[in-house]
Structure formats: structure tokens, C-alpha cells
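*Asks:* Sequence:
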Amino acid sequence: MILNTQPYDPDAPEGSSSVGTSQLVSKREFRYMILTFFLVILALIPLFFRMRENSWQTGCLQNMKAISAAITGYATDADGYFPLPYAPDQNGEPRLEEGVVSWVTSVQPYMNKRKNFICPASKEDEATKNQGKSDDGPFVRSTYGLVPGVVAQPNDSGGFSPISKEDISDPTNVALIVETSNGGAQNTYNPLPLCKASACDGILAGYQKGNFAPDIGKTEKSDFMTRLAFYGTKDGRFEGDEIKPRHPIGLHVIFVDGNFGVMQPKNAFIRRDGSGRPLAPWWPANNRNFAREE
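One gets this note's numbering by counting positions in the sequence shown from 1 and adding 1051 to each.
Bear in mind the hints are in silico, worked out from the structure with no lab data behind them.
Every residue gets a Cβ at the ideal spot worked out from N, C-alpha and C, and that includes glycine.
Certain hints may be false.
Claimed, not checked - Each pair of labels, with its calculated beta carbon distance range:
#, residue 1, residue 2, range
1, D1187, F1089, 38 to 46 Å
2, A1120, Y1083, 52 to 60 Å
3, G1325, S1215, 36 to 44 Å
4, L1093, G1209, 54 to 62 Å
5, K1174, N1206, 45 to 53 Å
6, R1322, P1242, 13 to 21 Å
7, R1103, K1166, 13 to 21 Å
Unchecked claim - The calculated lysine-lysine pairs, modelled on BS3-like cross-linking and capped at a C-alpha distance of 27 Å, are:
#, residue 1, residue 2
8, K1166, K1295
9, K1078, K1116
10, K1174, K1317
11, K1295, K1174
12, K1116, K1184
13, K1295, K1317
14, K1260, K1272
15, K1272, K1295
16, K1295, K1216
17, K1216, K1164
18, K1317, K1260
19, K1174, K1164
20, K1272, K1174
21, K1260, K1184
22, K1116, K1295
23, K1174, K1285
24, K1216, K1260
25, K1184, K1164
26, K1216, K1166
27, K1247, K1285
28, K1269, K1295
29, K1247, K1216
30, K1317, K1269
31, K1216, K1116
32, K1116, K1166
33, K1174, K1184
34, K1247, K1260
35, K1285, K1317
36, K1285, K1269
37, K1247, K1184
All chains should be built: construct the whole structure from the sequences, respecting the hints.
*Replies:* As C-alpha cells, then:
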């Protein structure tokens, strides 16, 4: 096979060639070149996916930093109190307008306009739809959830009693915001849905036996957190090769003191002390409201 030809010279001596032998490539050599090209492409594919995932992880962490700053801004204007999980309707469920009126609605005005509430690595069906304003319309999509027992507790009037940062005795270890999936998307664990609407479930992480406290009464004790973006945990199993976090490194989490961490599937388990009291990261040590009677 000739890759580079030259004009034919009729006056050239018989047997001579106007094409240098260095310009000739055999069919075998050409096949080797093609094979090498495809091998290089195949070798670059994993690198591409790693670079993309690294970019997603960085984007997700930057979003969460902006959310943390927005919550701090909100708390500054609210005498130190965290935003409430959501505005309840007459039945105590999240109030729905263009989207659910949630903590996202409350903190969006404090949010860096160049950041958003969507993790780049999340799937479309994982997002909640919150009242607000965005390029999508009069709502804001989110794939992050509050840890409910940390920010507020339900009261007898059907609303919430807020909790301030100063009320948390161990802010370094207590989780405030974590990556969530909405409505059991991607086979995530959600045995006790928060609401009937299809796009408001993931505004909060939840507890296995109750949405706002680890324990209901004296017998219904939660072992695991729910709605966390650990794919493949639909059956309540958090161990095994089939369990995949949203990111290979795990899920990003914001703690009450504003620091960040990464959680693995095993961290969905609710730890307890010798007396059975739930502990950080999913419950403040000084929160006495952990056993709620129905």
C-alpha cells in the first residue's frame, strides 16, 4: 500500500522507481497502525470516565459549599436557626405550589448564583422539585436533603419547632446536608415515603421508622437512614458489591459546623450508645426528642 505517491516519470530507466521505498507501507504494517490507533483509544476511555467523575465530584462539592454558605446566611438573618424542612399543608404534608415549599425555597435567595442544588453525577429522576426560580421555570430542582432531626422537630400545632446551631452540642460530628435520591430512584432505600407527590420526597433524608426521629415510641427503633443516594439499597441492605454510592468515593455530607466529609454505605447505620440513645452523625447527642410517641 502506498501512502504518498509521486507523478510517473516515463523517461526513468527501466526498473527504477520514482517512489522512495521509505514511502511504502505494507498491508500488515497498515493493519498494525490501525490496531495501535484503536488500542490507544480504548486505553483513553477509562481515563475519560475518571476525568468526568472527578469533574462531577468537584462540581458536587462546590455546590455543597455554596449551600452551606447559603444556610449560614439564612441562619444569620433568622437568629441562628436552621431553615425548616418544609412548609406543611393542612394535613401536615409538604405544601405544594409550583414545587414543594421546602428548605431549598428558604435558602435559595442566599445561594451563589453560579452554583445550584443539583449534583452533576445524579440522575434526572433523583431530583426534587422545589418552589423557587431557576432557568427551568418557577421551581428549583435539588438532589440534596436536610437531616430532619437536626434542624427541627414537629410540634403539636402541625408545624415545626426550629433548632439553632447553638442547640447542637457536637456540631463537628452531626450531619446537616447529605446527597439524597427522590422517591426511591435508582433503587435507593425509601421504606417510609415523606409525601404522596412524586417530586418532593428527597428534600429530607429520613429514618427507617419515622421521618423526623430515629425512634417512634419505645419499640419502633430505626436501624438505618433512608433516601441516601446509595444505589441498590432498595431492600435495606447496605453491604455488597452491588451497592454503589453516587460517587465512587461515597456521598458528600455537610456537618453542622460547616465542614465536609464523605460517607460510605456502612455509615447509613444509626449508631447508639449503651442506653440505646442514637448518636452522631444522624442525631445530636443532646437532642432529647428521639423517642416520639405517635
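*Asks:* Give me the numbers of the hints this structure contradicts, sorted from smallest to largest.
*Replies:* Result: hints 3, 5, 9, 16, 20, 21, 28 and 29 break, sorted rising.
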